[in-house]
Amino acid sequence: MDTTQKSLRVEQPFGKVSLQFLSRYWIFIALVVLIVAFSLLSDSFLSKINLLNILRQVSIIGICAVGMTMVILTGGIDLSVGSMIGVSGMACALMLQAGIPPVLAVFLTLVMGLGFGGITGLLINKIHIPPLIATLGLMTALRGVAYILNGGLPIYGIPESVKFLGQGWVFGIPFPVILMIAVFVLGYVLLNKTAFGRHLYGTGGNEEASRLSGVNVEKLKTKVYLLAFFLSTFAGIVLMARVNSGQPRGGTGYEMDIITAVVLGGVSIMGGSGRLMGVIAGVMIMGVLSNGMILLNIDEYVQWVVKGLVLLVAVGLDQLSNHKSEQ
Amino acid sequence: MSILCLKSVVKEYPGVQALAGVSFELEAGEVHAIMGENGAGKSTLIKTVTGAIKPTRGYVVYQGQTLPSGDPRAIIDLGISAIYQELSLFPELTVAENIFYGNETYKGLFLDKAKMNENALSLLKSLGTDIKPEVQVKTLSIGFQQLVELAKAVSKQCKLLIMDEPTAPLTNQEVKYMYEAVRRLQKQGVTIIYVSHRLNEVFDLCDRVTILRDGHYIETLDIDKVTEDELIRLMVGRTITNEYPKRTHELGDDYLSVRSLNSGLVKDVSFSLKKGEILGLAGLVGAGRTEIARLIFGADPLKSGEITIDGVTKLINSPHDAIAAGIGLLPEDRKTQGALLTMSISDNVSYSSLDRFSSKGILQPKLERASTQEFVSKLNVKTPSIDQLVGNLSGGNQQKVVLAKWLLNDCSVLIFDEPTRGIDVGAKSEIYELMRQITQRGVSVIMISSEMPELLGMSDRVLVVHDGSIVKELHPEEYSQETVLKYASGF
Ligand SMILES: Nc1ncnc2c1ncn2[C@@H]1O[C@H](COP(=O)(O)OP(=O)(O)OP(=O)(O)O)[C@@H](O)[C@H]1O
Ligand SMILES: [Mg+2]
Chain G
1 MDTTQKSLRV EQPFGKVSLQ FLSRYWIFIA LVVLIVAFSL LSDSFLSKIN
51 LLNILRQVSI IGICAVGMTM VILTGGIDLS VGSMIGVSGM ACALMLQAGI
101 PPVLAVFLTL VMGLGFGGIT GLLINKIHIP PLIATLGLMT ALRGVAYILN
151 GGLPIYGIPE SVKFLGQGWV FGIPFPVILM IAVFVLGYVL LNKTAFGRHL
201 YGTGGNEEAS RLSGVNVEKL KTKVYLLAFF LSTFAGIVLM ARVNSGQPRG
251 GTGYEMDIIT AVVLGGVSIM GGSGRLMGVI AGVMIMGVLS NGMILLNIDE
301 YVQWVVKGLV LLVAVGLDQL SNHKSEQ
Chain C
1 MSILCLKSVV KEYPGVQALA GVSFELEAGE VHAIMGENGA GKSTLIKTVT
51 GAIKPTRGYV VYQGQTLPSG DPRAIIDLGI SAIYQELSLF PELTVAENIF
101 YGNETYKGLF LDKAKMNENA LSLLKSLGTD IKPEVQVKTL SIGFQQLVEL
151 AKAVSKQCKL LIMDEPTAPL TNQEVKYMYE AVRRLQKQGV TIIYVSHRLN
201 EVFDLCDRVT ILRDGHYIET LDIDKVTEDE LIRLMVGRTI TNEYPKRTHE
251 LGDDYLSVRS LNSGLVKDVS FSLKKGEILG LAGLVGAGRT EIARLIFGAD
301 PLKSGEITID GVTKLINSPH DAIAAGIGLL PEDRKTQGAL LTMSISDNVS
351 YSSLDRFSSK GILQPKLERA STQEFVSKLN VKTPSIDQLV GNLSGGNQQK
401 VVLAKWLLND CSVLIFDEPT RGIDVGAKSE IYELMRQITQ RGVSVIMISS
451 EMPELLGMSD RVLVVHDGSI VKELHPEEYS QETVLKYASG F
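Protein chains in written order, with UniProt numbering: chain G, 1 to 327; chain C, 1 to 491.
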């Protein structure tokens with residue numbers, strides 16, 4: 001046995017190693033290049049305050065990206081994440097305005113998020129609506145709800161204690177950033193250190209084989225949507241706390257940034273492969289890109305073009321590398 | 001006259017040398033077997049010829065001209081076609097649509113369906129089958145699907161046809177159709193490369209055989225100048241006894257009983273399985289053996305019936321329930337049902353037993369990897385490490401990984417559906433040995449196999465299935481291929 005294993009090993013030509021290295025770490029390299037480029041182009045970019053600002057700005061999409069990663073790993077997608085952020089901000093603000101104690105209001109909002117996650121899980125796993133369509137429907141419906149909740153108007157008057165979630169600082173770091181890091185750590189442990197995570201990868205790679213290996217696939221995928229919706233609801237509350245109000249438009253278009261970040265991070269849109277480490281870099285790239293473009297006074301419409309192209313490039317690279325490795 | 005000539009072909013993958021400088025020649029008009037252990041490099045060699053992969057070094061000469069490497073389209077146009085180890089048909093399309101896929105006939109702007117059906121029909125007839133071109137491929141048995149693959153390859157006017165384990169999923173009866181088709185093609189002047197682990201086929205069909213071992217070319221021999229034992233020795237590098245290990249333990253009491261199982265195809269199936277027993281299910285393809293297995297495992301919904309284990313009735317609605325009750329199933333199709341190709345060997349092997357390797361919900365990699373490494377070594381999976389992706393393994397080695405998954409699980413009843421499909425002679429005998437070992441420990445086994453010698457050699461008892469029902473129970477003293485066939489055909 002030992003001898004056959006040894007005889008199988010061959011020397012790696014240098015070129016191949018560096019190519020492999022590149023395909024694995026290009027996202028980190030791209031992040032560094034982007035940071036260097038913006039710091040050359042703009043004086044204020046590399047200041048401590050701006051960097052913390054970027055981190056604070058990405059914390060919302062960062063929190064959601066963890067849920068989205070899990071959803072995409074199973075071969076699904078969640079387009080309703082942005083609307084969920086909006087609805088949860090509005091719902092929570094409404095409850096706070098009505099005088100419900102903050103802890104209870106936050107708790108009830110999270111329960112509501114879980115409820116929508118459960119409904120999504122049901123639509124996808126029991127009624128077998130494809131995730132793209134199920135969450136597209138929810139995206140529109142939930143946005144409608146966000147507007148209906150207060151007749152299309154924002155809700156102000158968030159108590160100080162809740163504001164801390166979005167505006168507080170701990171040890172010189174914005175609190176939302178700490179929340180994002182905590183969510184990433186939790187996601188990392190779930191994905192890499194538990195049976196749940198392993199089964200997520202397996203189910204995304206080959207659902208039938210996974211089922212025949214004894215995984216309760218429907219239950220697993222329902223859990224994933226519960227988790228994703230829980231996180232987007234949580235992110236919605238943090239956003240509300242940050243902007244001091246429930247905004248019916250809150251989270252509009254976030255699904256685009258979140259999905260791009262996840263795919264940029266190397267999670268295959270077909271499901272089954274991708275690492276959370278890459279997603280962190282993907283999230284940072286999205287943050288650096290928006291922030292840098294704003295600092296450079298780049299027109300908002302041009303920013304859209306850039307972000308759209310980034311998504312296409314990310315997916316294109318993923319597909320090309322899949323195709324290449326078959327040769 | 002040589003039609004194809006490989007010149008020092010090398011193919012390297014990260015950490016693996018799949019081909020280590022292979023050179024040999026193919027005579028025009030011969031049926032040429034390529035044999036070797038799992039992972040020896042047979043499929044890789046074939047893929048370099050068809051252009052599916054580019055060799056790292058070396059080249060292939062075909063009819064005096066160097067083949068454009070890595071350009072499958074151009075190579076097909078030169079008259080080289082292949083049937084790969086895994087079927088690549090579109091199940092929803094018709095037979096004719098599959099045969100002419102990418103090669104359609106047009107009438108003006110539109111597809112000429114009538115013409116294509118007509119051409120397909122004459123093609124299928126020339127291969128000696130009466131498959132209808134208008135039916136959807138998914139309605140055909142695997143055996144007939146394989147013949148459609150063959151027709152598809154032949155439709156491209158090929159002069160060189162390459163077949164990678166074409167008979168692995170077929171039953172004896174279907175193999176005969178394949179034989180017939182191959183012989184007809186040879187008569188029409190087609191040269192054929194034939195990869196198979198079945199020695200008898202190689203002796204029946206082929207003129208010469210080339211042996212590969214660990215990516216190295218070993219020898220090319222005329223088939224009538226070599227014996228089975230010699231061939232095995234050349235492939236494996238050692239001698240192997242062709243005998244099935246005998247049972248040395250006493251059988252226990254009835255352990256698993258199924259009563260009146262019914263579903264679409266399965267009709268009123270009842271039997272029981274003793275502790276430590278290997279029970280064989282014999283039958284033709286489509287007889288319902290796999291369906292019975294899937295019912296017991298909860299993979300398909302049960303219409304009515306009862307399953308008891310050790311006298312206790314178990315409600316089994318899903319594979320999850322079955323495993324909880326201690327029943328495991330090695331499914332018949334490893335690519336779609338067994339292997340998780342995008343995951344590592346280690347992840348695959350431990351996939352059904354993760355609870356055992358978790359402490360307070362957190363996986364313990366050390367424990368997990370020690371166990372998976374043990375089984376990977378036991379089954380002799382050829383790989384540089386247990387972190388290799390299963391999708392990068394050779395077909396036979398993938399099968400070993402799926403097998404290891406179930407051997408590692410603590411099931412007390414294991415159902416093996418075609419456990420040795422695509423597995424080389426050496427590894428086969430190791431698998432037989434392992435099956436005996438687990439039954440000695442008290443595990444009960446249900447075995448489905450289309451290879452009759454193996455089924456009769458390993459089973460303590462055989463149930464013959466015909467048309468969804470059990471028609472006969474056979475005991476070792478009554479075993480013979482003729483008897484089984486007689487009952488399997490419904491007489
Ligand atoms: N894409 C790949 N990446 C890494 N290693 C590979 C890849 N494809 C094949 N190999 C390795 O190359 C070797 C030869 O594989 P190949 O599929 O040619 O074997 P084979 O002789 O066809 O075996 P089998 O009888 O099991 O089908 C194996 O060790 C396999 O693991
Ligand atoms: Mg092969």
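Just so you know, these hints were derived from the structure itself, not from any lab. Keep in mind it's a predicted model, so treat the numbers as computed, not measured. Honestly, I wouldn't trust all of these hints.
[As the list claims (entries may be wrong)] Covered by chain G, per the in silico footprint, the following chain C stretches (three or more residues, Cβ under 8 angstroms): (1) 224-233; (2) 302-314; (3) 325-336; (4) 451-462.
[Said to hold, decoys possible] Straight line, CA to CA, 35 angstroms or less: simulated DSBU-like cross-link-like pairs of lysine-lysine: (5) Lys163/G x Lys126/G; (6) Lys193/G x Lys378/C; (7) Lys246/C x Lys223/G; (8) Lys156/C x Lys132/C; (9) Lys156/C x Lys126/G.
By construction, the Cβ of each residue, glycine as well, lies at the ideal position given by its N, Cα and C atoms.
Restraint check for Lys156/C with Lys126/G, where alpha carbons must lie at most 35 angstroms apart | Distance of about 45 angstroms is beyond 35 angstroms: violated.
Verify the coverage statement for the region 302-314 of chain C against chain G, using a C-beta to C-beta distance below 8 angstroms and requiring 3 or more qualifying residues.
-> violated (count 0)
Coverage claim, chain G over the region 325-336 of chain C, checked by counting residues with Cβ within 8 angstroms (three needed) = Check passed, 3 qualifying residues.
Mind checking the alpha carbons of Lys193/G and Lys378/C for me, to see if they're no more than 35 angstroms apart?
-> holds, 27 angstroms
Hint consistency between Lys246/C and Lys223/G [alpha-carbon to alpha-carbon, up to 35 angstroms] = Violated - the C-alpha atoms of Lys223/G and Lys246/C are around 48 angstroms apart, more than 35 angstroms.
Check, residue by residue, whether the region 224-233 of chain C contains three or more positions whose beta-carbon lies closer than 8 angstroms to a beta-carbon of chain G, and give the verdict.
-> violated (count 0)
Outcome, coverage hint (the region 451-462 of chain C, chain G; C-beta under 8 angstroms; three residues) | violated (count 0)
Given the hint that Lys163/G pairs with Lys126/G, does the C-alpha gap stay at or below 35 angstroms?
-> violated, 39 angstroms
Given hint Lys132/C paired with Lys156/C - CA-CA distance at most 35 angstroms = holds, 19 angstroms
Hint compliance for this structure: hints 1, 2, 4, 5, 7 and 9 are broken, all remaining hints hold.
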